[in-house]
Amino acid sequence: MSETLAFTRTPSVAVTPTHYCPGCQHGVAHRMVAEYLDAEKLAEKTIMVTSIGCSVFLYNYLRFDSVEAPHGRAPATATGVKRVSPDKVVFTYQGDGDLASIGMAEIMHAANRGERITVVFVNNTVYGMTGGQMAPTTLVGQKTTTSPAGRCASTEGSPFRMAEIVAGLGGVAFSARVALNNVKHLAQARKAIRRAFEVQLAGQGMGFVELLATCPTNWKMTPVQANEHIEAAIIPTFPLGVFKDIAKNAGAC
Amino acid sequence: MSADGRIFVKGNEAVSMGAIDAGLKGYFGYPITPQNEIPEFMSLHLPKAGGAFVQAESEMAAINMVLGAAATGARAMTSSSSPGVSLMQESFSYMAASETPCVVVNMMRGGPGLGDINTAQGDYFQATRGGGHGDYRTPVLAPSTCQEAYDLTREAFDIAFRFRTPVMILGDAILGQMKEPITRGEPRPADPAESADWGLSGAKGREQRVFRSLFLAEGLLTAVNQRLRAKFEAMSSLTRCESFMTDDAELVVVSFGSIARIVKSSIRKLRARGLKVGLLRPITLFPFPSEAIADLARQGKRLLTIEHNMGQMLDDVRLAVCGIADSAFHGTLSGTIPTPDEYEAAIEAALTGGSK
Numbered sequence: 003m004s005e006t007l008a009f010t011r012t013p014s015v016a017v018t019p020t021h022y023c024p025g026c027q028h029g030v031a032h033r034m035v036a037e038y039l040d041a042e043k044l045a046e047k048t049i050m051v052t053s054i055g056c057s058v059f060l061y062n063y064l065r066f067d068s069v070e071a072p073h074g075r076a077p078a079t080a081t082g083v084k085r086v087s088p089d090k091v092v093f094t095y096q097g098d099g100d101l102a103s104i105g106m107a108e109i110m111h112a113a114n115r116g117e118r119i120t121v122v123f124v125n126n127t128v129y130g131m132t133g134g135q136m137a138p139t140t141l142v143g144q145k146t147t148t149s150p151a152g153r154c155a156s157t158e159g160s161p162f163r164m165a166e167i168v169a170g171l172g173g174v175a176f177s178a179r180v181a182l183n184n185v186k187h188l189a190q191a192r193k194a195i196r197r198a199f200e201v202q203l204a205g206q207g208m209g210f211v212e213l214l215a216t217c218p219t220n221w222k223m224t225p226v227q228a229n230e231h232i233e234a235a236i237i238p239t240f241p242l243g244v245f246k247d248i249a250k251n252a253g254a255c
Numbered sequence: 030m031s032a033d034g035r036i037f038v039k040g041n042e043a044v045s046m047g048a049i050d051a052g053l054k055g056y057f058g059y060p061i062t063p064q065n066e067i068p069e070f071m072s073l074h075l076p077k078a079g080g081a082f083v084q085a086e087s088e089m090a091a092i093n094m095v096l097g098a099a100a101t102g103a104r105a106m107t108s109s110s111s112p113g114v115s116l117m118q119e120s121f122s123y124m125a126a127s128e129t130p131c132v133v134v135n136m137m138r139g140g141p142g143l144g145d146i147n148t149a150q151g152d153y154f155q156a157t158r159g160g161g162h163g164d165y166r167t168p169v170l171a172p173s174t175c176q177e178a179y180d181l182t183r184e185a186f187d188i189a190f191r192f193r194t195p196v197m198i199l200g201d202a203i204l205g206q207m208k209e210p211i212t213r214g215e216p217r218p219a220d221p222a223e224s225a226d227w228g229l230s231g232a233k234g235r236e237q238r239v240f241r242s243l244f245l246a247e248g249l250l251t252a253v254n255q256r257l258r259a260k261f262e263a264m265s266s267l268t269r270c271e272s273f274m275t276d277d278a279e280l281v282v283v284s285f286g287s288i289a290r291i292v293k294s295s296i297r298k299l300r301a302r303g304l305k306v307g308l309l310r311p312i313t314l315f316p317f318p319s320e321a322i323a324d325l326a327r328q329g330k331r332l333l334t335i336e337h338n339m340g341q342m343l344d345d346v347r348l349a350v351c352g353i354a355d356s357a358f359h360g361t362l363s364g365t366i367p368t369p370d371e372y373e374a375a376i377e378a379a380l381t382g383g384s385k
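For the protein sequence lines, the chains are A and B, in the order given. In terms of my numbering, the first sequence opens at residue 3 and continues consecutively. In terms of my numbering, the second sequence opens at residue 30 and continues consecutively.
Be aware that a few hints might be false.
To be verified - List of simulated lysine to any residue pairs, SDA-like, C-alpha gap at most 25 Å:
| # | chain 1 | residue 1 | chain 2 | residue 2 |
| --- | --- | --- | --- | --- |
| 1 | A | K47 | B | P221 |
| 2 | A | K90 | B | R193 |
| 3 | A | K47 | B | A232 |
| 4 | A | K47 | B | Q237 |
| 5 | B | K77 | A | P88 |
| 6 | A | K90 | B | A222 |
| 7 | B | K233 | A | P88 |
| 8 | A | K47 | B | E223 |
| 9 | A | K43 | B | D226 |
| 10 | A | K90 | B | S230 |
| 11 | A | K90 | B | P76 |
| 12 | A | K90 | B | P218 |
| 13 | A | K43 | B | Q237 |
What the hints assert, rightly or not - Partial pick of chain B residues on the chain A-facing surface, computed with a CB cut under 8 Å:
| # | residue |
| --- | --- |
| 14 | G55 |
| 15 | A85 |
| 16 | M94 |
| 17 | A103 |
| 18 | L229 |
| 19 | L243 |
Please keep in mind that the hints were generated in silico from the structure rather than gathered at the bench. We put the CB at the ideal spot given by N, CA and C, even for glycine.
Here chain A stands alone, though its shape is the one from the complex:
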């Protein structure tokens, strides 16, 4: 009796256990990026720029050539890679503390210059690796180890909506926010990741995709509760959608 293979391994994903916590969606995000690059046969010309935070070991899980950038500087490092190797596919993979806090200047300027890179931005509203401190994306009222009474907008500011901010910059060809919490959203995420690479490959500008993801450990929730939390609490603050797509913006250069 023959068996039907329902799942094939993604070749660019290494066969190794990850260090991520149960219910963390970094693994899902990794695989979706790798699936796209493998499907398009781009793996052999891809250079990824890894960053700081829970995803710092990305190069252990994805088998692309890689350079590890200091905290927040991945868009600058990716700029250097792409400018001297314009024929390569270049992407950064950054968390919210990395991209929206210490690295805010680098992402703004790389986006504004229209660097032909793809930015995969994983937003779980918290500093994960360092133990659950407040991030620039922490929700108002959200308790973290450095906002123990809940983030207060009048003293700690409001969450940065990066996908919308980046979409407003001239060099960006595609910017979208998707979520990794259910099957329907995963399909949207897959599509957005594809577009974020397509605009790079077409030389149209930066492709930016924000992935709303769980952090069950620091949210102090079960994985199921964390998925529900994305739907109930995070999406209302961070609406899903495509905020810019050059194919649909006539007149953009």
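Got chain A; can you put chain B on it based on the hints?
Below, chain B alone, put in the same frame as chain A:
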């Protein structure tokens, strides 16, 4: 250009030409006085030579663009001046650790802090001690003339690739802003094989390559640091210095960079008066020419260290002659430009009055 091929250029332009003639593929920088001629030159000439120029949004962005470009195996560089170089220190540490070759130019200005835009040598400690966090060293070359600025910048890329390390060119506002005739060499064609066994190019038909500096497993970082230490020790083969009228000298001045040229003028004047003084000019500040200086001390010559700071290289001179002799010191503070007369008086005082 003159009939003999010499051209009259600023030190900053000489550095730029040296880099382009060395096969530079990427320049990334942020304007700061007194080295703005470098990004200006690069913006005009590097694209014509087939390289990439980006004016970064900050020194931090600039040095990390260098990191990315250099990791692909391309010859990449940045330049800045003191406060800007301070902003880059984090990435020097990362590049030393991940063994990423590049060239960084520091045309020093007065400090600490924002200081002034005039000349100084106050960044010697920062340049020669690593500057960033952790336990590492990078080669530091200190040109004294525009021709040397051209030659050493060119050579700095070869050293960077030989040892897979950042290399610093340490000049100052005098060198950057002075104009002298130089002769350019033949441009070096890009060598595709240069980074063939380590540069990032996409993992086609091979295992992935990773430039990293995080090593968490027990003992892993120790092993990396042992390998790096062996490399830093091997860099001693780069040691270089210039000896000027030291053979019969009773007192030898140790001085580097453009300040050493002012010292040379003073020494010529003192020699004309029959005083036996000479100059030892370190060209490599790391590795430091400790042996050459110790030899002078063993011969019974007295030493005077002259710097445009409060005494930084003095520490290295004293380490070189530890147990044999000591060095007197004369420093000119940031914010004041030294003169040959000042140094002439200081050298004569050290010669006739002994150690201060």
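Evaluated hints:
As the CA atoms of A/K47 and B/P221 are separated by approximately 17 Å, the hinted pair is consistent with the 25 Å bound. About 23 Å separates the Cα atoms of A/K90 and B/R193, which keeps this hinted pair within 25 Å; it holds. Using a Cα cut-off of 25 Å, the hinted pair A/K47 and B/A232 holds, with the two alpha carbons roughly 7 Å apart. At roughly 11 Å between alpha-carbon atoms, A/K47 and B/Q237 fall within 25 Å of each other, so this suggested pair holds.
A hinted pair counts as satisfied when its Cα atoms are at most 25 Å apart, and B/K77 with A/P88 qualifies at roughly 17 Å. Distance restraint check for A/K90 and B/A222: the Cα-Cα separation of roughly 18 Å lies within the 25 Å cut-off, and the hinted pair is therefore satisfied. Restraint check for B/K233 and A/P88: the C-alpha separation of about 17 Å stays at or below 25 Å, so the hint holds. The suggested pairing of A/K47 with B/E223 holds, with an alpha-carbon distance near 19 Å, which does not exceed 25 Å.
Under the criterion of a C-alpha separation no larger than 25 Å, the hint pairing A/K43 with B/D226 is consistent with the structure, at around 23 Å. Restraint check for A/K90 and B/S230: the C-alpha separation of about 8 Å stays at or below 25 Å, so the hint holds. Proximity of A/K90 to B/P76 is assessed by CA-CA distance (about 19 Å); at most 25 Å being required, the pair is judged to hold. Using a Cα cut-off of 25 Å, the hinted pair A/K90 and B/P218 holds, with the two alpha carbons roughly 22 Å apart.
In summary, the hint linking A/K43 to B/Q237 is supported, as the alpha carbons are separated by about 16 Å, within the 25 Å threshold. Satisfaction of the interface hint for B/G55 is found here, the shortest Cβ-Cβ separation to chain A being roughly 5 Å, below the 8 Å cut-off. A least Cβ separation of about 7 Å between B/A85 and chain A falls short of the 8 Å threshold, and the interface hint therefore holds. A hinted interface residue such as B/M94 counts as satisfied when its beta carbon comes closer than 8 Å to some beta carbon of chain A; here the least separation is about 4 Å, so the hint holds.
Using the Cβ-Cβ criterion of 8 Å, the hint placing B/A103 at the interface with chain A is satisfied: the shortest such distance is roughly 4 Å. Among the interface hints, the one on B/L229 holds; its C-beta lies about 4 Å from the nearest C-beta in chain A, closer than the 8 Å criterion. Below 8 Å, beta-carbon pairs count as interface contacts, and B/L243 has one with chain A at about 6 Å; its hint therefore holds.
Going through the hint list in order, the structure satisfies each hint without exception.
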